[in-house]
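The chain contents come next:
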Amino acid sequence: MATELAPNQVVPPAVPMTGPAPRRKRGGRQRPLWRDLLRYRWLYLLLLPGLVYFIVFKYLPMYGLTIAFKDYVPFLGYSGSQWVGLEHFQALFTGPDFGRLMINTLILALLTIVFVFPAPIVVALMLNELRIRVLKRSVQSLIYIPHFLSWTIVASLTYLLFSVDFGVIAGWLHDVVGGQKVDYVAQADWFRPLIVLQLLWKQTGWGTIIYLAALASVDTQLYEAARVDGAGRWRQFWHITLPSIQPTIVVMAILTSGNLMDSGFEQIWLMTTSLNRDVADVFDTFVYYVGITQGSFSYATAVGLFKGVIGVVLIFGSNLLAKRLGQRGLF
Amino acid sequence: MARSRSVRYFDSPGSRAFDALNLLLLIGLAVVTVLPLLYVVAGSFATESEISSRPFFLWPEKFVTDTYKYIFSTDTFVRALLTTIAVTAVGTVVQLFLTLTMAYPLAKRQLPGRALVLNLVLFTLVFSGGMIPTYLVVRDLGLLDSYWALILPLAINPFYLIVVKSFFQELPEALEEAARIDGCNELNVFLRIVLPLSKPIIATFSLFYAVAIWNDYMSPLLYIDDSRKWTLQMIVRQLTAANADSANVLQQLETVSFPEQGLKFAVVVVATLPILLFYPFLQKHFAKGVMIGSVKE
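So the sequences go chain by chain: A and B. Note that my numbering numbers the first sequence so that position 100 is 100, with each residue one more than the last. Note that my numbering numbers the second sequence so that position 204 is 204, with each residue one more than the last.
Here chain A stands alone, though its shape is the one from the complex (with noise of 0.2 Å):
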């Protein structure tokens, strides 16, 4: 409330500027802070842990963002550290990772949308055809199951299948195809398809179920509507089904495009090896190499932020485009 007026400013009379007014009357904003302090005491306490954790684990790292301005000494700190603008974007720009880097994050992520993001879409509605109740429960419970293993278990599982000396799929791949043995883990030719075939074992099952909501919900009378008016089966999938859930897949393409950047640390990770480094590293991975494994902390956090900032103009700019296109959006 302390805001500092300047002398011959006018000041309005008391008409609240921001908030409704009934909460005014209501709330505490009239009452001293320490009456409501007392007041809610114990309400404040409980609150008071998680806020710690949110100022220290979350708020904290934001500030230490400022360090992608300045060249970090870790034994002068963040504010004892030397400012240097925007250098480290620039030797960023200029450099010989960033082409690389884009690009990779750019296909990864369009093999995302191309081939991941329909998938739970098409098996949703595919289940939602699927008449006997017993097996469409089976299958899902089924499908499920890879959303709860980790990433190091899917890599592993990668490994044991796909490995050159023993794994399973590379041997059938081997009889089918001939020629040289291929190490599919290893090479850079192998590592998008992995990383799609992953992604698609792993998360399809599991993104149904927000689909299949969407369809649950849709009014069962629209059907008999329109049966009496003679469609069939392929018209009421048409003008009934896919509509009701379009606004289901408008929400998450948006929070899909918003994590476009976000190629999934872990997964890369444990998948990039020394032969397939030129097309594995993207944003995320290069971030660790740079900053843990060689210590540029500045020249990492830099990196990060550049990915984080994309990420919020990437959310904020598909929600707009969402609204513009007639749909509800996300906020």
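Calculated from the structure, these hints are not laboratory results. Watch out, some of these pointers could steer you wrong.
To be verified - Sample of chain A residues facing chain B (criterion: CB under 7 Å; computed from the structure):
#1 46
#2 47
#3 57
#4 60
#5 65
#6 142
#7 144
#8 171
#9 215
#10 233
#11 291
Computed from a predicted structure; not experimentally measured. The beta-carbon is built from N, C-alpha and C at its ideal position, and this holds for glycine as well.
For chain A, the structure is supplied; the task is to place chain B on it using the hints.
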């Protein structure tokens, strides 16, 4: 009335063919999803020679438990398993405590400052300091190589917090009011009225957090240097990932002869088993959680 009509509909040959194909594809999908897991379980009970000679099997020719005997005889593996169990147990309690205590006041609309805190929480969903600044905070707190680094930096998941908060908001206000009139302060209302009513959601989120900690690979990778403090996920990766530095790990496993391939299968099985054991509960609660989470305030 529309029943008979609909039945006739689905009975048309084209429709039946579609149903059959649809069913076939979905069963195929389910099989493809579980087959790798079944193979790994089978492989973990097979002999070394069977793994390398037989292309694919779901039941080993010769059923052996050598691999399990072996991994449980090594200090490295047993230590990692116990560490992971302990960190998961303590971590779940700590994270649940922080989430519940913060969610309750945030559910009270009349609390001054609530909107501000809520916005602080929501903002972290869109933007974060990122890997390096968080790492530096953890380092400056002296948490590197401490088990707390596996628990505290991820202590509150903002999504879960919002869901729990919404749940608290839906609780009947009358009960709390009655307790207040009986002279309970807010703390007692929370402990004696609200928490007992929240058992289902507490169960749900214990599972949420436990699975997240158990599966976490990034935190130990970032914060734990000392290999004696490694968790199971680190061991799994060291042994089986594509770029595994297995020679080094195997050396630590202090051994001369060991089931080299079978070992990898067994380690994956042990690291997955708790998740699969809890899976029936997980599926039930998680699916519900996703749905609650998708409802906007």
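Comparing the hints with the structure gives:
Interface hint status for residue 46/A: upheld, as the beta-carbon distance to the closest one in chain B is roughly 5 Å, under 7 Å. Interface restraint check: residue 47/A against chain B, minimum CB-CB distance 4 Å, threshold 7 Å, status holds. Because the closest C-beta pair between residue 57/A and chain B is about 5 Å apart, less than 7 Å, the hint holds. Restraint check, residue 60/A versus chain B: the minimum CB separation of about 5 Å is within 7 Å; hint holds.
The closest approach between the C-beta of residue 65/A and any C-beta of chain B is roughly 6 Å, which is under the 7 Å cut-off, so the hint is satisfied. With a cut of 7 Å, the hint placing residue 142/A at the interface with chain B holds, because the nearest CB-to-CB distance is about 4 Å. At its closest, the beta carbon of residue 144/A sits 6 Å from a beta carbon of chain B; the interface hint therefore holds under the 7 Å criterion. Interface hint status for residue 171/A: upheld, as the beta-carbon distance to the closest one in chain B is roughly 5 Å, under 7 Å.
The interface hint given for residue 215/A is violated, since its Cβ lies 13 Å from the closest Cβ of chain B, which is over the 7 Å cut-off. The interface hint given for residue 233/A holds, since its Cβ lies 6 Å from the closest Cβ of chain B, which is under the 7 Å cut-off. Given the 7 Å rule on beta carbons, the hint for residue 291/A holds: about 4 Å separates it from the nearest Cβ of chain B.
Of the numbered hints listed earlier, the single one contradicted by the structure is hint 9.
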